[in-house]
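Residue-level listing of the chains:
4 protein chains.
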Amino acid sequence: MTMPAPLTGVVPPVCTPLTPEREVDVPSLLRLVDHLVDAGVHGLFVLGSSSEAAFLTDRQRRLVVETVVARAAGRLPVLAGAIDMTTPRVLDHVAAVTGAGADAVVATAPFYTRTHPAEIARHYRLIAERSPVPVVAYDIPVAVHTKLGADLVLDLAAEGVLAGLKDSSGDQAGFREVVTGARTRGVSGFSVLTGSELLVDSALAMGADGAVPGLANVDPAGYVRLYDLCRAGERDRARTEQERLCALFGMVSVGSADGRMGAGSSALGAFKTALRLRGVIACAATAEPQVPLSEGEAERVGRFLTAAGLL
Amino acid sequence: MTMPAPLTGVVPPVCTPLTPEREVDVPSLLRLVDHLVDAGVHGLFVLGSSSEAAFLTDRQRRLVVETVVARAAGRLPVLAGAIDMTTPRVLDHVAAVTGAGADAVVATAPFYTRTHPAEIARHYRLIAERSPVPVVAYDIPVAVHTKLGADLVLDLAAEGVLAGLKDSSGDQAGFREVVTGARTRGVSGFSVLTGSELLVDSALAMGADGAVPGLANVDPAGYVRLYDLCRAGERDRARTEQERLCALFGMVSVGSADGRMGAGSSALGAFKTALRLRGVIACAATAEPQVPLSEGEAERVGRFLTAAGLL
Amino acid sequence: MTMPAPLTGVVPPVCTPLTPEREVDVPSLLRLVDHLVDAGVHGLFVLGSSSEAAFLTDRQRRLVVETVVARAAGRLPVLAGAIDMTTPRVLDHVAAVTGAGADAVVATAPFYTRTHPAEIARHYRLIAERSPVPVVAYDIPVAVHTKLGADLVLDLAAEGVLAGLKDSSGDQAGFREVVTGARTRGVSGFSVLTGSELLVDSALAMGADGAVPGLANVDPAGYVRLYDLCRAGERDRARTEQERLCALFGMVSVGSADGRMGAGSSALGAFKTALRLRGVIACAATAEPQVPLSEGEAERVGRFLTAAGLL
Amino acid sequence: MTMPAPLTGVVPPVCTPLTPEREVDVPSLLRLVDHLVDAGVHGLFVLGSSSEAAFLTDRQRRLVVETVVARAAGRLPVLAGAIDMTTPRVLDHVAAVTGAGADAVVATAPFYTRTHPAEIARHYRLIAERSPVPVVAYDIPVAVHTKLGADLVLDLAAEGVLAGLKDSSGDQAGFREVVTGARTRGVSGFSVLTGSELLVDSALAMGADGAVPGLANVDPAGYVRLYDLCRAGERDRARTEQERLCALFGMVSVGSADGRMGAGSSALGAFKTALRLRGVIACAATAEPQVPLSEGEAERVGRFLTAAGLL
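Chains as they are written, first to last, in the numbering used here: chain S, 4 to 314; chain Y, 4 to 314; chain P, 4 to 314; chain D, 4 to 314.
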C-alpha cells in the first residue's frame, strides 16, 4: 500500500519473537501482528531498535519483513528499518526491505564513523534518491551518538527528501521545534512521530502526528485509546491513560536496576516476557549477546502487567 | 598462513582505494599491498576503520579480503575486521572473511545497542567459539562508544578467547595496564597492539608487541624504521623518527580544521590523497556520504608529504 | 517571608545587570525586579545560571541578594542559588544568602569532582541540616554533568530534605516521573518546577507546580499569561501563547549560530540585550570571559522582540 | 621565591590532611610537606584536585597556602590552584593565594558555564594580566568537561600568557603535541608537566619537563627516583620503577570497584589512608560529601603499600 502522507496514529515498533535457538519465530510474529492490528494500531514499524534490528542477520531481517507485510496484507502500512552504519550499506537494506514489500524505509544518521551535518544531509539525499518508497528519519542519539538538528530535518522535509521523523531522542524541546516548524513552514505531508512512550499525550498536544512506542507491543489497545482520547480533546482522561502506561513502562528496569545487565537487555527482555505472559508469543528469548531475565525478574514483569490490568 | 602468537610489528590498517564511482579499485588495492609489503610491514589489517569498513557493502568487503589475501600469498598474515553491531551479524562477517582467507578476525564491542561488560564478554566468547581463526579485540570508543576495560580484556586473553588487542582508545594508561598485565599474568601468545599513530615509540617502550597505524598506509617505511629502532633500543633516533611521523600526521585536519566536514572525512581523505600523490592509488575518492577534500586541501596534504621527505 | 509549600507559578531566574565595568548595576537590577513583579510573577530566583551566578564574586552575589530581597519586600518569595562545587563551599553560600534574606536556597549536585548518588544524597542532607530555610534541588546536567535520578529526588523529598526541584535537565520523561511520583507517593508541599522555557504548557499539563524560565526576564507577562491559561484549562490558547514564546526564544542563538561564541554567551547576551532594548536595564554587558554580541546580533534580537509584539 | 622557567621535576599536588571534624590538620600538613621535601621533590602544588580544592572553603584554602609556603620557606616553589568557575571568581582566588605567598597560580578552563575556545583564551589573558605571578594552565577535562587544545595552549604560551601546562587529560597524543610544539616553536621557559601517574616515564621520554602525580604524596621518593632515572637515560630501570608505581596506583579503586562510592572518594580516600598508614598524617578523613573507606578497604590499601615495599 502507499504510505499515508502524513502518516498518523500509533505505529508500534514490532518486536521480533525468537525461538530458544534465536531463529525468528514466525508463528509468534504472526500472532503479534494480529495482536497489534486487532487493537487498532495505524501502522507497523519492523526492524527498528525494539525489533532488535541491530541483532538480526540479513536473512532474518528479510524474513521479518516478508512475514509482516504478508500478514498486514495492505490493511495498514508497514515501515521497515534500514539500520546500518553508512549510506552504501543502508542502500543495500533499502533494496532488501522494499523488495520484501515495505511501504516506507526508516534510516538513522551514519554511525560508527564520525559524522557531520553536511554528511548526514548527503546521506538522506542519496537514500531518498535511490529508495522506491518514502524515507523516514530516525533520530536516536542513544544508539548513533548524533542528534538530528531541527533545522536539518525541516530543510530535508521541505526539499521532499524526508517523509517523516521518528524522534527517539528524548529531547522534547527539539521535537517541538520540528512539530511547530513543519506547520509554520508549511511542509505538507510530513509526519512527526514521537518514540517516547512516556510523552505521547504531550507530543500530540503539541501537534505531533503520532507515536512509535515500544511499549505498544505490550499494550497496543492502551496506546490506541490514548491516541483517540488526545484526538478527541479529552485531555484529562488522556493523561490518566498515559500515566497508567507510564507505570507499566516501569518494567523496563527489572533487569538493569541492580547493574547486572544493560538497559537494552532489560527493556527488550521485559517487553518480550510481557508478550509471553500475555500469551502472544511463545518464548521471551532475546538475541545474543543480551543477558536474559531471571525467573524472579520475569515475575516482576508479571506484577507490572497485573497492576496495569493486563493479566 | 597461521597468525604468529603473538603477532608483532607494524600491521597497517589497509586503506580501500575506490574508483570515482565508489567501487573497489582492485588494481590500486594491489599496488597498495605491494607498497606496504615492500616496505617490510609485518601483517596487514583489512576492513578496519581506516579501510572504511563501515562504508563498504558486504560484496565489497568480500572482494577486499580476497584481493589482499591473494596478493599477500602467505608472505604475511592478513587480519580482517568483522565490524558490525552485535554477535549474530558479526558471526556472518566472520564466516565471510574467513571463507575469503583471513588469518584472524578483528571485532569491536557491540554498538548501536546499549551494551554492558557481561554482554561484551559473552559477545567475544561466542565469536571465539565459532571462528576458525584467532580473534583480536578492537577497542575503539570513538566509534562504538564503549571502552574495553583492561581486566575484561586480560580475563578473556587468559581464557584463550582473545589472541590480541588493537587499542585505538587513546587511553595510554589503560593500554599500559593491558601490556603490563599480560606480562605479569603470564598470558602467553597474546598480542597487544597500539592504534595510536603518535605514540608508537611510547607503546613499544612499555612493552607493546606492535602497532596498527593508519598513517602507515602513507609512510610504511617510516613505521617499519621506527619499529626497528625501538627494538634495537635506539630510543633517541626512534623519537626523532616518531616526531617526523607526528608532523606528517598533521595532514588529517586539512579538511576538518574549519568545520566544513567531519574528522573522519578529513583524515581518510588526507590518507587517500597522500597515496594518490605518492602514485600508489589512482583516485582519492572516499565512500559516501563523506565530504571530499577540495583541491586546496589536497595541495596542503602535498605540503605535509614534502615536509616529511616523501614527495 | 516563608516560602509557600509548595511554591507554584512563574519564578523567573533573575538576570544580573552589569555596568560596562562589570559591576552589579543596582538601579537596573531594581528596575528589573519591578518589571517582573509588576507582570505578576510568583517568586524570584536570584543567583541561578541565568543570573550568571557562576561569574559573580562572593561580594557581588551578596549585593544581588540584598538588593532583590529589599525590593521584593516580602511581596513574593526570593530563592537564591548557592552554586558551588561541593558541600562545604555550598554551605558558606547558604550562610551568606540566608544572611542576606533569601527565603529558600537552591543547590546543584556536586560538580568538578566526580560524584556518586550516595554522595549527592549526603550532600543534600547536610545542606538541609544546616540551612535555616527550605532547600530546592537544581537539576542541570549541562552545567554539572550529573543527572539527578527521579528516585533520589523523591526519596529526599519524602524525607523532608528537599522542598522542591528546579529541573533544567531537558529530560521531560524524567521530569514527569518526579511530578507523578510526588503525587502517587503523597509527598506534600514539594514543588516541581520546570526550567525548560519551551515546555511550560506540557509541564503544567503533567501536573507540575510551576516554571523557572530564563526567558521570563524578557517577557514575564507572557509566562504569567501562559501559566494562567494552563491553570484555567484553556489549553489551546495556552499552546498558542507557548508557541509565541518558543519563537521568541530563538533569540538565544543569535551569537552562537556561526560558532564564534559559546551557547552561554549567546543566550545571556540575547536576554540582556532584549532587556536593554525594552528599556529595563541600562547595559547588556555580560561577565568575563563571555563574548559580547555584536551590533548586528543585537539588531537581530530586536527583530525577535518585534515579531513577538514586545517592541 | 621566583618560579624557575621552565619549572622541571616532580611537583606533587599536595593532599590536604583533615581532622575528623573536617578542619585543616595543620600539624599533619606540615609533616606531609616535610615528607615530600625530604624525598627531594622539586616543587609543591597546593589547592589542586588531589588537594580537595573543590571541597575546601576559602578560609581553609588560605590556611593551606600560608602553611605550606611558610614551611617551604623558599626552598622550592609553591604553586597554588585558583580553582573556580569563571574569570571573576578565579581572580579573587589569585589575589588570595598570591597574598598568601604562592609563587605561581594554576587555573582551569571555565566550568559550570558552557564555554568556547575564544572564551578560554580571554579567560587566561585576563588572569595573566591581573596575576602578580606566572600562570599555569590546568587541563583536566574529567573535572571541567572541556579539553584545552594544543594550539590554544601553544599560542598562549608564545604570547607569554601561560608559563606552563599541567596536563591531567589522559590524552597522551595531545600532550605530545604540546611538548613537541613548544620545542619546535621555540617557546622558551614554558613548562609542560604531566598529571598522569602511570605515564611519567613516557612523558619524560617525549621531552616533558616534569610531573604532577597525585600518587607522589604516597611515594615521593619513588617519583623522584623515576625522574632521576629518566634524566640519566636509564630507561629500563625507569620502566621498572614506573611499573612498581603503576601497581601501587591500583589502590585508587579499593572503594569504587563495587560501585558503592565514586572514583574521587575512592582515590582520595586511598591516598590519605596510605599517608596515615605510613605515619605521615593523623587521620584519613576526606571532605564532605565524600564516602569514607571502610576498614576492609583501608586494609587493602595497606596491602598495596606492602607490595610496593612502603610498609
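Please note that the accuracy of each hint is not assured.
[Said to hold, decoys possible] Covered by chain S, according to a simulated footprint, are these stretches of chain Y (three or more residues, beta-carbon under 8 angstroms):
#1 47–61
#2 80–91
#3 120–131
#4 139–147
#5 262–270
#6 291–298
For the record, the hints were derived by calculation from the structure and aren't laboratory data.
Using N, Cα and C, we set each Cβ at its ideal position, and we do this for glycine too.
Would you list, in rising numerical order, the hints stated earlier that this structure does not obey? Of the numbered hints given earlier, the structure breaks none, since each of them holds.
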